[in-house]
Amino acid sequence: MMHMPQDSSRRKRTAIILLSPGIKSHIGPHRLYVNMAERYSKDGYVVLRFDFHGLADSEGDVEETFVADIYGSIEQGRYVDDVLAAMDYLENEQGIGRIVLGGLCGGAITGLIAGSFDSRVVGLIGLGIPVINASTPMNQSKYMTAGQAASLRSSYFEKLRDVSAWKRFFSFKSDYRIIWRILFKKSAPSSVQPAGISPAPDCGTKQAVENSLNDSNVNMLFPQAFHKMVSSSRRLLLIFSEMDRLYWEFNEKFWQPYMQIYQDKMSFIDVRILKNANHIISSPDSQKEMLDWTSGWLEENHS
Amino acid sequence: MKKETPLFFSNGTWRLFGFLHTPDMQPRGIAYVLCYPFAEERLWAQRVFVNFARELAHRGDPVLRFDFKGNGDSEGKFEDGDVETYLSDIETAMRILRAKVPEVTSVGLIGLRLGATLAALAADRNDVSRLVLWDPIIDGHQYMQEVLRSNLMTQTAIFKEIQRDRRMLIQDLMDGKTVNADGYDIGRKLYEGISGIRLNEQMTRYGNRCLIVQIDNRGGPIRQKILDLGNKIANSSVVNVREEPFWREIKTYNGKAENLSHTTLEWLDSCID
Numbered sequence: 001m002m003h004m005p006q007d008s009s010r011r012k013r014t015a016i017i018l019l020s021p022g023i024k025s026h027i028g029p030h031r032l033y034v035n036m037a038e039r040y041s042k043d044g045y046v047v048l049r050f051d052f053h054g055l056a057d058s059e060g061d062v063e064e065t066f067v068a069d070i071y072g073s074i075e076q077g078r079y080v081d082d083v084l085a086a087m088d089y090l091e092n093e094q095g096i097g098r099i100v101l102g103g104l105c106g107g108a109i110t111g112l113i114a115g116s117f118d119s120r121v122v123g124l125i126g127l128g129i130p131v132i133n134a135s136t137p138m139n140q141s142k143y144m145t146a147g148q149a150a151s152l153r154s155s156y157f158e159k160l161r162d163v164s165a166w167k168r169f170f171s172f173k174s175d176y177r178i179i180w181r182i183l184f185k186k187s188a189p190s191s192v193q194p195a196g197i198s199p200a201p202d203c204g205t206k207q208a209v210e211n212s213l214n215d216s217n218v219n220m221l222f223p224q225a226f227h228k229m230v231s232s233s234r235r236l237l238l239i240f241s242e243m244d245r246l247y248w249e250f251n252e253k254f255w256q257p258y259m260q261i262y263q264d265k266m267s268f269i270d271v272r273i274l275k276n277a278n279h280i281i282s283s284p285d286s287q288k289e290m291l292d293w294t295s296g297w298l299e300e301n302h303s
Numbered sequence: 001m002k003k004e005t006p007l008f009f010s011n012g013t014w015r016l017f018g019f020l021h022t023p024d025m026q027p028r029g030i031a032y033v034l035c036y037p038f039a040e041e042r043l044w045a046q047r048v049f050v051n052f053a054r055e056l057a058h059r060g061d062p063v064l065r066f067d068f069k070g071n072g073d074s075e076g077k078f079e080d081g082d083v084e085t086y087l088s089d090i091e092t093a094m095r096i097l098r099a100k101v102p103e104v105t106s107v108g109l110i111g112l113r114l115g116a117t118l119a120a121l122a123a124d125r126n127d128v129s130r131l132v133l134w135d136p137i138i139d140g141h142q143y144m145q146e147v148l149r150s151n152l153m154t155q156t157a158i159f160k161e162i163q164r165d166r167r168m169l170i171q172d173l174m175d176g177k178t179v180n181a182d183g184y185d186i187g188r189k190l191y192e193g194i195s196g197i198r199l200n201e202q203m204t205r206y207g208n209r210c211l212i213v214q215i216d217n218r219g220g221p222i223r224q225k226i227l228d229l230g231n232k233i234a235n236s237s238v239v240n241v242r243e244e245p246f247w248r249e250i251k252t253y254n255g256k257a258e259n260l261s262h263t264t265l266e267w268l269d270s271c272i273d
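Listed in order, the protein sequences are those of chains X and E. My numbering numbers the first residue of the first sequence as 1 and each following residue consecutively. My numbering numbers the first residue of the second sequence as 1 and each following residue consecutively.
Hints are not guaranteed to be accurate.
To be verified - Under the rule of at most 16 Å between Cα atoms (straight-line distance), these lysine to aspartate or glutamate pairs were calculated in the EDC-like manner:
1) E:K251 x X:D285
2) X:K288 x E:D185
3) E:K3 x X:D57
4) E:K251 x X:E59
5) E:K251 x X:E38
6) X:K275 x X:E300
7) E:K256 x X:E59
8) E:K160 x X:D270
9) E:K256 x X:E300
10) E:K189 x E:E84
11) E:K177 x X:D69
12) E:K3 x X:E38
13) E:K256 x E:D269
14) E:K256 x X:E64
15) E:K256 x X:D61
16) E:K256 x X:D57
17) E:K225 x E:E84
18) E:K177 x E:E244
Since the hints were made in silico from the structure, they are not lab data.
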């Protein structure tokens with residue numbers, strides 16, 4: 001679906017491609033991408049939304065049985081070629097060779113990886129970008145951040161009065177490793193050392209970061225692509241929802257330990273937090289704030 | 001060659017978006033309009049709809065699947081839609097299908113969940129030759145209460161407490177405000193329209209063949225309300241199909257609903273004279 005600027009005289013020389021989240025379509029949860037596209041096209045941008053192969057309206061098939069496995073492969077760049085094809089299409093059909101990629105969750109990590117491969121990508125709007133691997137066999141309790149553990153602990157205490165939660169517990173459907181860890185094991189405060197991650201390296205090199213992250217459940221493509229984008233002066237706007245575990249994971253496993261490495265590149269990195277928002281940015285107020293932020297960032301950097 | 005043509009078509013002042021699937025052979029005479037379920041259920045179910053539409057087209061039956069006003073890629077805001085606009089959208093889609101594929105002699109409706117309910121209501125007041133209801137919503141009031149529950153759950157997740165309880169949310173709706181459920185703004189007209197649906201009481205005229213499918217992942221007994229609906233529609237068959245609830249976020253990926261698809265296609269074949 002292509003959105004053309006309402007006022008062609010205000011047409012910008014940068015186009016935007018919105019990348020679908022997870023297994024959802026180019027519409028996005030609760031039509032988020034429709035609203036984003038309408039806002040950006042009103043601002044003068046050509047906006048393209050499309051479906052990755054095997055999903056929604058596109059051709060192809062998905063072979064996986066479990067959604068988590070699909071998510072895991074998305075985090076490993078499953079749809080990067082589709083993004084490159086979409087950029088070729090925009091370049092050939094619209095003559096636009098400067099692209100900002102945008103997306104929520106799986107769409108965001110796909111955009112980051114694709115951007116690291118292709119210099120036509122001048123920026124990324126990443127909403128709730130995942131930094132860890134999400135595939136099924138992972139022992140999530142082992143790598144839980146302090147923020148996640150605190151939130152889950154409070155939620156489990158609330159569930160003590162919930163009959164259906166007890167039924168689930170006794171039907172062996174609960175993840176007992178997670179329950180054990182958050183209720184009975186003390187986690188280290190995040191300011192000391194995030195769970196599942198080594199202390200930040202002394203020297204500020206990409207290799208040192210990678211060596212340090214290898215022991216954690218961080219998706220290694222994330223720091224690699226992040227580094228490649230930022231070191232080549234492409235701009236990143238990363239927006240997280242305050243109540244989203246993906247924010248804690250980003251902050252505790254990557255950003256806090258390693259932001260010092262990027263001190264001289266901070267003008268290219270913009271990290272913002274949506275207060276009282278959830279992963280899919282479902283509240284109208286949060287969505288409006290996100291649209292204002294992204295629209296302002298585009299105007300400032302890519303008009 | 002089979003074709004999938006994206007198209008916009010007008011219904012009054014708004015434009016609806018859809019996909020027309022046309023077969024690579026002479027159409028068999030009947031064509032189908034697919035009616036998506038409500039709000040986020042539509043997104044989760046999309047791939048099943050796409051694959052089912054492709055199967056029908058492969059067998060020689062044209063299909064139009066489309067988004068209701070304010071849904072998917074169609075124009076309008078979600079809160080602008082209501083039961084009457086949705087029914088009007090189905091009627092428009094049926095007309096468009098006949099216009100786009102002149103060989104079509106009759107139109108059937110296939111819907112899921114609230115889409116099934118709307119298909120049934122549209123069939124009750126239009127010329128519809130086949131009706132397939134996949135797990136229809138029979139009690140609209142109960143359904144809307146479930147929708148409101150998702151607002152309460154979101155409040156709990158974000159604020160760790162319920163700041164506006166169910167009674168207050170309903171009062172908000174009565175005062176003309178919208179209530180957000182999973183990101184969708186619901187207005188009073190839509191809330192009252194869906195809440196007022198009692199499918200078992202409203203189906204009075206439809207007399208052609210109808211398949212009612214209860215979708216159940218445990219193979220349980222057919223619910224009484226589904227059986228009652230079957231009794232209400234004279235020329236109907238009621239079956240239970242074992243299938244995951246692919247219109248919700250579940251752990252397995254369901255690009256196709258094999259059992260549902262097989263049962264439905266078999267029944268459609270049995271309808272051919």
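Margin query: Of all the hints numbered above, which does this structure not satisfy? Sort the numbers upward.
Written below: Hints 1, 4, 5, 6, 8, 9, 11, 12, 13, 17 and 18 are the ones this structure does not satisfy, whereas the remaining hints hold.
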